[in-house]
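Asker: Residue strings, one per chain:
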Amino acid sequence: MFEDDETLQMYIEESLEHLSDIESDLLTIEEGGEDIDIDLVNNVFRAAHSIKGGAGFMGLTTIKDLAHSLENVLDLIRNMELVPDPDRISVLLKGFDKLESLMNNIQSSNDEDVSDHVQDLENITKTSLPEEKQDLVAGVVDLALTDGRIFAQVSQYDVEQRKNEGHFIFLVEYDLINDIHRKNKNPIKLLETLEKTGTIIESRIDFDSVGTLTTWTAPTRIPFQVLYSSIIEPDMAETLFGLNPEAIHIISDDMIHLSDATADSAPPAMTSIEIPQEQIVASQPAPAPIEMTVAVQPPAMEEVKVVEAPVTAPAIQKTVKAKETPQENTPAEAASKPMGSLRVNVNLLDTLMNLAGELVLSRNQLLQGITSSNGKATELAGQRIDMITSELQETIMQTRMQPIASIFNKFTRVVRDLSKQLGKSIDLAIEGKEVELDKTILESINDPLTHLVRNSVDHGIEPTHLREKIGKPKTGTITLKAFHDAGQVNIVISDDGKGLDPEGIAQAAVKKGLRSDQQIAEMSDKEKTDLILLPGFSTAEKVTDVSGRGVGMDVVVTNLEKLGGIIEIESTLGTGTTIQIKLPLTLAIIPSQIISVGKEQYAVPQVNLDELLRIPAAQVKEKIEKVGDADVVRLRGNLLPLLNLSEVLGIKKTYVHPEDNAEHQDRRTSISDRRSFQMDASGEPLNGQERATEDEQKERQGKDRRYHASSAINIAVVSAGSYKYGLVVDELKDSEEIVVKPLGRHLKRCSGYAGATIMGDGKVALILDVSNLGQMAELTTMAETERVSKAAREAEEAKKRAKDKASLLVFKNDEHEHFAAPLNLVERIERIPSSSIELVGGKKVVQYRGGTLPLYELSQVANVGNLPEREQQEIIVFKVKDRELGLMVTPPVDAVEVSLEIDDSTLKQACINGSMIIEGHTTLLVDIFGLVKELNPDWFEEEKAAAAEMTEDGQKVILFAEDSAFFRNQVKGFMIEEGYKVYAAEDGAIAWDLLDKHKEEIDIVVTDLEMPNMDGFELTERIKNHPEFSHFKVIALTSLASDAHISQGERVGIDAYEIKLDRENLMKVIRRYLTF
Amino acid sequence: MNETANAVKAHSMELATFYVGKALCGIDILNIQEINKHFEVTTVPQAAEYVVGVLNLRGRIVTILDLGKKLGLSQIQADKNNRNIIVRSQDEHIGLMVDSISDVVTADTDRIESSPSNINGLKGKFFQGVLKTETSLIGILDIEEVLKE
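The listed protein sequences correspond, in order, to chains A and B.
The first sequence lines up with residues 1 to 1076 when you count with my numbering.
The second sequence lines up with residues 1 to 149 when you count with my numbering.
Take these hints with a grain of salt, some might be off.
[Stated by the list, open to error] The calculated SDA-like cross-link candidates involving lysine to any residue, where the alpha carbons are at most 25 Å apart (straight line), are: (1) K69/B <-> I651/A; (2) K69/B <-> Q872/A; (3) K748/A <-> V41/B; (4) K843/A <-> Q872/A.
Quick caveat, the hints were computed from the structure, so don't treat them as lab data.
As the structure is a computational prediction, the values presented were derived from the model and not from experiment.
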């Protein structure tokens, strides 16, 4: 083989350049079918041809043979003798693939077996020829020269074909040493010149006549033989080749003899007659009779090279350019790492050079400034260096940016090959080829993307017959799309195939023990679909050789996550799957916001940062509220959950006292809690805490620390994926560009960090992973709340029911007092002008719907503030005992549904049942019934009489089961008031015991539904199924009666439903049942 | 990995020795990148309790482990003799904080005995073997075992 590294390297580079375009060209040719685009075919033909030419010269026989066979087929296509149908194109594509892999392993290329490919190609050539010519294809001729030598083993077909075109055939002998090297010519260039005027059929180097290194005499000549055909007349030949006439042999018909051995993959170079026949015998006979076997293996994806910038300029131009500067090539390096190079725009290089120059200048200035202690000059130079550095960084990044087209383009082929193999019809639409990505990222997404695209082809798109059956277009579509969004590159792979089956996936996950049935039941379809990403998951019942959906999906995820990318799957069963990948533009350097908590600094990637918020100390109380046990901040009308970084990470909270600058442990338990400090100081013993000294006490009386500027709350509003929250930090610092460095393996489990970086002072700062922090804090994502599955919702409802949910109307009396009343007692809410209120007989009334509505305010009956005077007055109209009355309140009036967790001791007073916290405010629960009774005792004469009567007749007894102490006391209270005797039980089980004990006395059972130990349903069921008790009427008390509840209640035999706080109706029903 | 080191130097190995509490331990010196006394570590909240923090070692982020805690003893007591032994393991540099360092001892591999189940309160699984010298007993740490998460 030819050993001149430089020339060989040049040849390889050129050939690969040719090859890089061929694939898309061939695919375009295939699309065109019979409409042959001659230019395109010529392109491909020329590529194959020049590869062949060079290979012959280099002694790369395998490559030459393959290229030659390819060329033959292309020649037929070019001459319209062959229609490029998909089968033929497939064979060509495979041939070129092989050629490329041979090129990449040039050293071992001659040992490779390409007979399959050659055979396939020859079959194509053969079938397209008329019968009598078919033999020519495999036929081999020897050319006997006039001097007795034989130029052996030339394709008969080639020779015949040229002769038919009216070409003269020459065998030209160059001497590499004297004719080429000494004349400063280049062999490849020579071949090219020849190509311009004719066709090179063969080219060989006669190594045999060169001799070996062991011979003492240095070789004086290296014969390089070119079998050439041209329309140029023989007498012109001398000028054309620039050689002596002896070196040019004109081949006439009688010099062509049919060779006795058939074609061989490695034809020997010029042999003399004496060469023993062994060589030919030893060579393999052509496997002509073997049937065509198309390899069904998918193309090996690993082999597909990462193409550099797409070559758009005509290949020839590049070749010439490359040749002009052969010294710049570093063949040795390039040969060992063929794809390590990068094509960089010269303009960019110029810019870099410029910047480097600037940097040197600025450094000089800086050094001067420092030596002369010139502060101003130093500062200026510093600024310049700052600017240059960022520009330099940007430009260097740009050199690494490559269009995604290099990866996307090859998918045309992947999809084509796969769909053909699977018998599907699929179109691939590609958008956003021009989007640029960092080279490293680009290289690393190749595999995951290939996997995903293959999945779509293999499992996504249905077979053609199925698609027709379900009324989809016969041809499936896969769309590959890249676009920029929010500083990230998004890649979307979508198909209109059958989509993912969440149930199937969920079942598989259970079967594999990855999730429990319980977990599955609470999942939404989306969450089930996402299970596919779990390690060790595969839904493919039968793993095909192409891909198994799910097989390796976890690998895809891991690979993407390594790049800082995320993957999202959206799929609708029957209509298709969309997979979205979000990738950072580059991995190395990211802009980020530096924050600090405690003594340490942390970095929040700018991509995740929405805005920074500082709540002044004075406003903390109003702006930050508590919902449940979570802090939230009201931001432009929306509630934003707050996450205290130190809490999530478990950092001990400290604060620096503004007066003495000492560090103290912070004992605040919640952000909005601004009073605890003072309470602590006075209320707690001094257990060694140095701060509660008398001095400090005094200080605090003056200006409280909680209003000090340093007590302001700093919030970084961040979002990641479906999370958005406010991160409460101690300090917000600068925004900096940081270099991301990985954390060691002992810290891999700390999911709150995305890595670490080194700050200007040399200290390490951790980079926060916003999305994982959200997860750790168990924030519900915005998206999640929308997608909670039905099951989860029901489970939640059940939980809420257990906690006695009730609808309340909340309102205010004076500006600061919040009140609530049961919504079911409310008739209407009215707003009337204050002027229409009349004061008659010491009572306030308003004319209302043709009658008089008495108006009251809370301060008349309870110890609360007075109503502020306003021009308009809001009135809540209640209906009690079939009579209406209005309660004057202050807006806002709003209906809420809350769990009743009532404190019935702290703030209880007349007409106030107790207090509870609603939306962060302590709210007093108004006892409407008590209020009416207080104000209009005469309305209740009837009840009093009935109660008195009952006591005379013999007291009726109620068994009352209720788990909430508040309700138990309330309801029991008004039952007793009405003259009943009550046995109260805390749950169903106790009630059952009581019933058993007092079965003689008890007249009626009233029970709550949601109770521990034994609930209302079970209690009712037992009562109704017990022969002794089945006559008891059971009234159920609920806070919210849902349809499901009512039907369940009917089944077990509940006689009536009443709402807990509706005293009037409950009593009515009890009375009705008892009078039977 | 020590096996490979042993294979190269079949008959002797050099051990860097140091104290963890009262126990004298040794590490094959070929595993050691450097020994330093940088203690400006950044603490990592939520990390395992034996992680002291992370350190910037000339542009590389190195996790520093408290070898005392890692081996199940008490925490390394902070004093001026403390050192970080930076070892290489699985393409990563990891620092082990020790109480103090001692000599480099050349050990005849033939004289290394298999480790008992307990050496001065340390579990035997952490050791590749023990070396008895005239004055002391050196437990040779199995770095990979020690560094297991």
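Asker: All hints are to be evaluated individually against the structure, with a verdict given for each.
Answerer: Verification of the supplied hints:
1. K69/B <-> I651/A: Within the cut-off at roughly 20 Å; holds.
2. K69/B <-> Q872/A: Cα-Cα ~71 Å, so violated.
3. K748/A <-> V41/B: holds (18 Å)
4. K843/A <-> Q872/A: With a Cα-Cα distance of about 19 Å, the restraint between K843/A and Q872/A holds, given a limit of 25 Å.
In this structure, only the earlier hint numbered 2 is contradicted, and the remaining ones agree with it.
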